[in-house]
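Once you have looked at the hints, place chains B, C and D on chain A.
Protein chains in written order, with the UniProt record's numbering: chain A, 1 to 384; chain B, 1 to 384; chain C, 1 to 384; chain D, 1 to 384.
Just to be clear, a hint being listed does not mean it is correct.
Copies of the same chain are indistinguishable here, so a pair counts whether it falls within one copy or spans any two.
The list that follows gives simulated cross-link-like pairs (lysine to aspartate or glutamate, DMTMM-like), each with its CA atoms no further than 25 Å apart [to be verified]:
| id | residue 1 | residue 2 |
| --- | --- | --- |
| 1 | Lys323 | Glu370 |
| 2 | Lys323 | Asp251 |
| 3 | Lys35 | Glu370 |
| 4 | Lys120 | Glu163 |
| 5 | Lys35 | Glu163 |
| 6 | Lys120 | Asp206 |
| 7 | Lys120 | Asp190 |
These are calculated hints, taken from the structure and not from any lab test.
Number of protein chains: 4
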Amino acid sequence: MLSLIGNHLAAIRECARENDRAGAFPFDVFTGFRKDGVLGATVPRELGGLGVTSLYDVCLALLTVAEADASTALALHMQLSRGLTLTYEWQHGDAARQQLAERLLRGMGSGAAVVCTTVKDAGAGPPTSLTPDPVGGWRLTGRKTLASMAPIATHFVVSARTEEPGRPPAQAAAVVSGQTAGLTVLDNWDGLGMRASGSVDIVLEDCHVPEGDVFLRGAVDAHDDAQLAGRTVSSVTMLGIYTGIAQAARDYTVSTLARRGRTPAGAKALVAETEARLYALRTTVGAALGTADYLSYEYAGDPAVRGRRMMFAFQRAKLMVNKLAPDIVADCLTVIGGASYAGANPLSRLYRDVRAGSFMHPFTYPDAVEYLSTEAVETGRYDG
Amino acid sequence: MLSLIGNHLAAIRECARENDRAGAFPFDVFTGFRKDGVLGATVPRELGGLGVTSLYDVCLALLTVAEADASTALALHMQLSRGLTLTYEWQHGDAARQQLAERLLRGMGSGAAVVCTTVKDAGAGPPTSLTPDPVGGWRLTGRKTLASMAPIATHFVVSARTEEPGRPPAQAAAVVSGQTAGLTVLDNWDGLGMRASGSVDIVLEDCHVPEGDVFLRGAVDAHDDAQLAGRTVSSVTMLGIYTGIAQAARDYTVSTLARRGRTPAGAKALVAETEARLYALRTTVGAALGTADYLSYEYAGDPAVRGRRMMFAFQRAKLMVNKLAPDIVADCLTVIGGASYAGANPLSRLYRDVRAGSFMHPFTYPDAVEYLSTEAVETGRYDG
Amino acid sequence: MLSLIGNHLAAIRECARENDRAGAFPFDVFTGFRKDGVLGATVPRELGGLGVTSLYDVCLALLTVAEADASTALALHMQLSRGLTLTYEWQHGDAARQQLAERLLRGMGSGAAVVCTTVKDAGAGPPTSLTPDPVGGWRLTGRKTLASMAPIATHFVVSARTEEPGRPPAQAAAVVSGQTAGLTVLDNWDGLGMRASGSVDIVLEDCHVPEGDVFLRGAVDAHDDAQLAGRTVSSVTMLGIYTGIAQAARDYTVSTLARRGRTPAGAKALVAETEARLYALRTTVGAALGTADYLSYEYAGDPAVRGRRMMFAFQRAKLMVNKLAPDIVADCLTVIGGASYAGANPLSRLYRDVRAGSFMHPFTYPDAVEYLSTEAVETGRYDG
Amino acid sequence: MLSLIGNHLAAIRECARENDRAGAFPFDVFTGFRKDGVLGATVPRELGGLGVTSLYDVCLALLTVAEADASTALALHMQLSRGLTLTYEWQHGDAARQQLAERLLRGMGSGAAVVCTTVKDAGAGPPTSLTPDPVGGWRLTGRKTLASMAPIATHFVVSARTEEPGRPPAQAAAVVSGQTAGLTVLDNWDGLGMRASGSVDIVLEDCHVPEGDVFLRGAVDAHDDAQLAGRTVSSVTMLGIYTGIAQAARDYTVSTLARRGRTPAGAKALVAETEARLYALRTTVGAALGTADYLSYEYAGDPAVRGRRMMFAFQRAKLMVNKLAPDIVADCLTVIGGASYAGANPLSRLYRDVRAGSFMHPFTYPDAVEYLSTEAVETGRYDG
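Just chain A, same shape as in the assembly (with noise of 0.2 Å):
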């Protein structure tokens, strides 16, 4: 995956700067994925994929990639995560749930299907619903909003909950096809950074979904933490893509001084600093995913373990990489000085870029904080 990913890199450095003014999203770079067959590098080969497993092997593409584009890695993550969840779905899930998960992955496999996964509702409007519908199946209506990758997306990961008379009302995931009639993909995402992952809005007007492309999964309030292992799963490849914004201030940073010549005593304190960080920054995200992969693949115990120990191990970096990432964008942007703060400079867009670390699920900060609290104050769980 790496060597593939490695000839595109050029080409999205180039386009980076353009699309990031423009709002514009990356269609020819991935057509260059899909036609390469990175779309599908988390499909198993038996559907068609290159069967990467690993989540610190996605982490590191994803960081490899952010390097000259972030927003081009975060569209990607969606496509690379949702291979992940759904062979899981396909290995582990009931009959059902496993023939919906091959119909999407060998679509991925091929490059026919390109996935994108929509959990947040926009605005302040009901929240998503899946509605029985008359001639049988479901009626999807709700709008849904930072679903990236959007612009090329065959098909949506709608996260949504049933409203059906005499059941408590279930969490659950519809697939639906972009042809969909009632389904608008906007073009409204203009964010502060990464604009150039599509991150728009989806509006969902009674669309709708046969009974078995939907994935069911508990009551709304049910709280189960074997649940927080698929969770960890889709997000925590996504510190890769903040940690490659670090290295690429860094390697910007100090190739300019170096052709300065000349460094100045607080020039020589803020790198020294930011070497120190990058390297925390490395290590602990290289240890989060390496938790992670083990748990995923080798560890055999208590499902709600499993979920709580990923989730804890993903949080305790996640908020490290959330101080430490923009910490060093900002160290470098004062090295660098006045000519950072043109448009045209790399750490413009890289100081905006990094501070989408903060928002992504899960946890925001206040949620971390109370989660990671809860955890070892309440629970006890963690003495290491």
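This is chains B, C and D only, laid out in the frame that chain A set:
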């Protein structure tokens, strides 16, 4: 001055986002400032201005404008600080300098003159130079950058070095009318932030400058601590701009939390620290401005001591401003979460604008480290 | 007051290290303070004191003492702040309170009375209580801790709650002579720092307190924001102590570097940041004290508003003091290196002493987070 | 080794406080270590030791001991790291070095030899020197400081420079028996922390050293990057000590909060950040040790490259350790509040001990700034 400015705040606030997006200068706002006399605020009453002399008051005015839009404050700073330094020339300069200063001040007082000062040479070309013009007077050639407020300037005060056969080069500031042949104001500002400040480049090609329109200073290599006073007066009020940005971020955040109605633990900690930092930011800036006022207007001792004391207080405050203000804004984004990452959210502009503080002269961070540590250790002059 | 204190600084400095090692109280220094009238500094002139009323001035005096020895300053604070609050009682209390306050103040003014105030109950026992004494007056029972300056105190002001049959418990402060039967001053102070402050425990076993020797306050559960003013006056001047510690660390470091003659890059960066932080620390503390003085003596509005504004300024400053002062000291140790780790090096005492700031009431860090965030978000009272 | 150490942890923990107070060396603990073979842990099996070669394992052992008492770990580090470097001499040195190393290692393996290494010269005297002894061999004169574990040492490895007529001075390490005439072990250690580590001064007055008991190294001014490997091996395992201190602070804090039963908002935020920092601390240290092991035992390339890579990883990790570990301990004090300020509270010892990390060689903070920034900017060797 504050009440005059108050009349414009709603208009400034209203166009801030759109001008930021487009990188457009707020022409209408400055038309209003000119009509109201705001642009002559720091011109002596005798010369048609409002007679504001207190650096503290100017800083507070810029703070108030910056709460609505920092770009506008940065551009306004150009005119207000020029009024202060020209008034000093008018009061203490020799006859030639008095005459030149008076001419400009009368223009600024009547609203006819808008004076943009440019210090920094653009790019890697030769330094901007004043050479003797065979027809008398000087010829000015070079390229300047970060000339905020240039889009509406009627005059430019351009730093340059004289190059005369048989004489050592001297520092000078040439006053050039915007109509001068050879002067071109580019429309090339495209910064990470401060996008509506019109901080463009100015190209000067053999511009004729009359003999009397140049302020001559000492030799280029001469070191005169007395000059630190003028450099402080020119720039210290800008500390208000970054204080205003931090205040705006805090106010938006606190009022948003109040509307949300529940503040989680992690947000409480950040809000408390934001309150404390903002308090320190305001009081530190206030103290530096109070010191600057005292030394400018009441201190009657050694001019070199005055210069050093003004600059030492200014640089200590500036280092803290460039630490506290970005930290406040970043924590506000963390508290508000994903919503703050939308281009339309005020925090996303404040996050970009606040970063300009590090690059503001004098000094950049590495230069400030050198300056402050040398003053403290080697000269031992300032024990308190 | 400052010039009186100046006479003692050399002596304070000289015995600081030895008293710190031994955890011994500086009896001689306080004998000198008593003779000179320093212990009566905040007693009105009419009652024999120096009549200092300005909180700012008291803070500056404590800062100056703390530069020589923070423990001495902490102990001195006890007497000086008591003078201030008793003066308030003497001026604004009812006849009974005036009488009690006057008696104590006259003693403090003449040097006969040294008054130690104890607020915090020790350990896990029942709260210190005042119960009616069958012979009239009260009986005081309990155990207090952190009673700085107790080794030389002639009187103790002891916070307690009344417990009377048929009445709700009330807050009270009992004045107890050091001769009272049942009162024992332990010699049990052994802190990480502030080791010469004599912050021992006081045991009270059925001590008789005459009827008139108790200041009664409101019900235990009553919440009266006006009381925040008194709590601020009692403690806000302590901010000077931590400022003095930071100043001493900086002065030692800068003069050591000057002697060494070469300042490496990493040290330059830390020195520059220390200068900036110390400037912010001094100006922030100065501002909070200025506000406290204004609200104490000039503000004539709603007492609840006064209390809240005093405490809000105090707490914001305190949070910054507890961030800036330890950071300054820690960076000074880093700059000086291994030499600072010797027990005989002044920095090793400052490093321990400065940490006491976080525990100083009101408030601890968690309480300050709650207080400041609630004030800011929920009440929205303070926009600037 | 870990299980052997495990047997002693309760005893170490028990006497930690009393030894810290008294500045006393834990003789009994080291008698136990000697009996169990812990003092020979890093001696090859063939020479009577346990044959531990992994730096990671030694670091983990020191971490575990440091959780109980950091002073003990610091003293133990002396012996364990000497075993590692002597084993290297035994395996790779010339015949003379092999013989000397083997003699010491056999002593360490049998428990007969306890070897204290001293690098730093004390005070301002002339550097410690080896001059030719007229009777053959050398004469060693000088004064060394910070010789941890000296109170029980049977041998000393003393850094010195040779001074021979007609030859350039060379670096050397002389092995001196504790019985040697002219050698005095002072009892003068009185540090801010690490008070039970016995880090005393050693006075050497014309001590005779046999010809074969000196390891000669290169010229004093020679710069050989290959030597960075040895310097890393000698010191990198100490990172575990500061990690153990941070872990102990966190464990005490979390268990205290669990007992208190309610965690306020401000404490939650600090606990969450402590968890994240400790995770980063452990993973960063683990990575640096893994790199050191790989380069020590598996890397077969250019010795200068090996030296530089080992040191670059070590120094980046060390800078983070010296940031993260003190921050963790300080935040734990803030969370626990006034109780942690009592001398008897474990946090008050950890607060003093953790500060030693900044002074540990190589390098101090200013030297690390110079080293890391130069490596990064000027040599550009390390891009990842």
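Results for each hint:
no.	hint	in the structure
1	Lys323 to Glu370	both (17 Å within a copy, 23 Å between copies)
2	Lys323 to Asp251	both (19 Å within a copy, 23 Å between copies)
3	Lys35 to Glu370	neither (44 Å within a copy, 48 Å between copies)
4	Lys120 to Glu163	within (18 Å within a copy, 57 Å between copies)
5	Lys35 to Glu163	neither (40 Å within a copy, 62 Å between copies)
6	Lys120 to Asp206	within (18 Å within a copy, 60 Å between copies)
7	Lys120 to Asp190	within (17 Å within a copy, 33 Å between copies)
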